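Colleague: When you get a sec, could you build the whole thing from the sequences and use the hints?
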Amino acid sequence: MKRVKHQDAFAERPPAKAAPDAKQLRKMAGDWLKQRRADAEMSQADLAARLGLKYYTFISQVENGFSRVPIEIMGAWASVLGLEQAAFARHLLMYYEPELHRLLFGAESK
Amino acid sequence: MSVVAFERKQDSGEWSDKELSALVAAFGAALAPGTGREWETGMTERGDAQFYLLSPLPDQACELCVSRIGGRYVLEDGLGRLLFEHRNLELVGLHAKAAVPSTSWLMVRAITLWCAIRSTIHERVEPLLVDEELFVQLVPQLAAFV
Chain X
1 MKRVKHQDAF AERPPAKAAP DAKQLRKMAG DWLKQRRADA EMSQADLAAR
51 LGLKYYTFIS QVENGFSRVP IEIMGAWASV LGLEQAAFAR HLLMYYEPEL
101 HRLLFGAESK
Chain V
1001 MSVVAFERKQ DSGEWSDKEL SALVAAFGAA LAPGTGREWE TGMTERGDAQ
1051 FYLLSPLPDQ ACELCVSRIG GRYVLEDGLG RLLFEHRNLE LVGLHAKAAV
1101 PSTSWLMVRA ITLWCAIRST IHERVEPLLV DEELFVQLVP QLAAFV
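Quick note, the sequences are listed as chains X and V, same order.
Just so we're aligned, residue 1 is where the first sequence starts under my numbering, counting upward by one.
Just so we're aligned, residue 1001 is where the second sequence starts under my numbering, counting upward by one.
FYI, nobody ran anything at the bench for these hints, they're computed from the structure.
It should be emphasised that the depicted structure is a prediction, and the values quoted were computed from it without experimental measurement.
Where hints are given, some of them may not hold.
The calculated lysine to aspartate or glutamate pairs, modelled on EDC-like cross-linking and capped at a C-alpha distance of 20 angstroms, are [to be verified]:
1) V:K1018 x V:E1040
2) X:K27 x V:E1045
3) V:K1097 x V:E1045
4) X:K23 x V:D1059
5) X:K23 x X:E97
6) X:K34 x V:E1045
7) X:K23 x X:E99
8) X:K27 x V:D1077
9) X:K27 x V:E1038
Modeller: Here's what the structure looks like:
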């Protein structure tokens, strides 16, 4: 499995100017997750199997931007992709809860 | 010799019109005007069709998802919990209909609200009733003294 450098993996950010709605942000998170999975050279089915899911359809649901990565499996998702859990959660928070992310980490991380 | 043409079940690819109609019909109440819900379709990377029931604005997150994998229909919620799976879409539709969160959620909200109102009324009115009870008991005794 290909490991990704954290600074590269977490470099992408939502555009600063526009204020995308929740759906758009989830889609951006999904695209980012899809890219990280591709970097790890895994299929949706591989990832689902490693997460203990019976079907891989939920991975598609998340990557298509219709659902979030549930907090309960966020750590495992990060580990399977070979990413650091805290950085992974922090990056996803930027899409899922941008205001909370701003309050916690300030403008420096935007 | 006459050959009966059996309808071939679709195993992968986009939803057929018949499948989509069945899904939209199953979610009919959930998609009624005024609920604010919408639906969308998508595909997995393997080309399996997915149907998403989306919550109202502003979130528009997936509440329920029906996917078709190898001729089998899989019903999941927005957290990826497997709710039901079967080869019969109508049966999956029935389960999907029952799994729509709003009905039960609204019921729970209504019951909770009713319990809260009852509890508040009880807390406010009961002391008054106790006072009144004391008053009713004391008045004849006071009258006897006078």
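Colleague: Hints first: check each against the structure and report whether it holds.
Modeller: Hint check:
{"no.": "1", "hint": "V:K1018 x V:E1040", "verdict": "holds, 16 angstroms"}
{"no.": "2", "hint": "X:K27 x V:E1045", "verdict": "holds, 15 angstroms"}
{"no.": "3", "hint": "V:K1097 x V:E1045", "verdict": "violated, 27 angstroms"}
{"no.": "4", "hint": "X:K23 x V:D1059", "verdict": "holds, 6 angstroms"}
{"no.": "5", "hint": "X:K23 x X:E97", "verdict": "holds, 12 angstroms"}
{"no.": "6", "hint": "X:K34 x V:E1045", "verdict": "holds, 10 angstroms"}
{"no.": "7", "hint": "X:K23 x X:E99", "verdict": "holds, 15 angstroms"}
{"no.": "8", "hint": "X:K27 x V:D1077", "verdict": "holds, 18 angstroms"}
{"no.": "9", "hint": "X:K27 x V:E1038", "verdict": "holds, 17 angstroms"}
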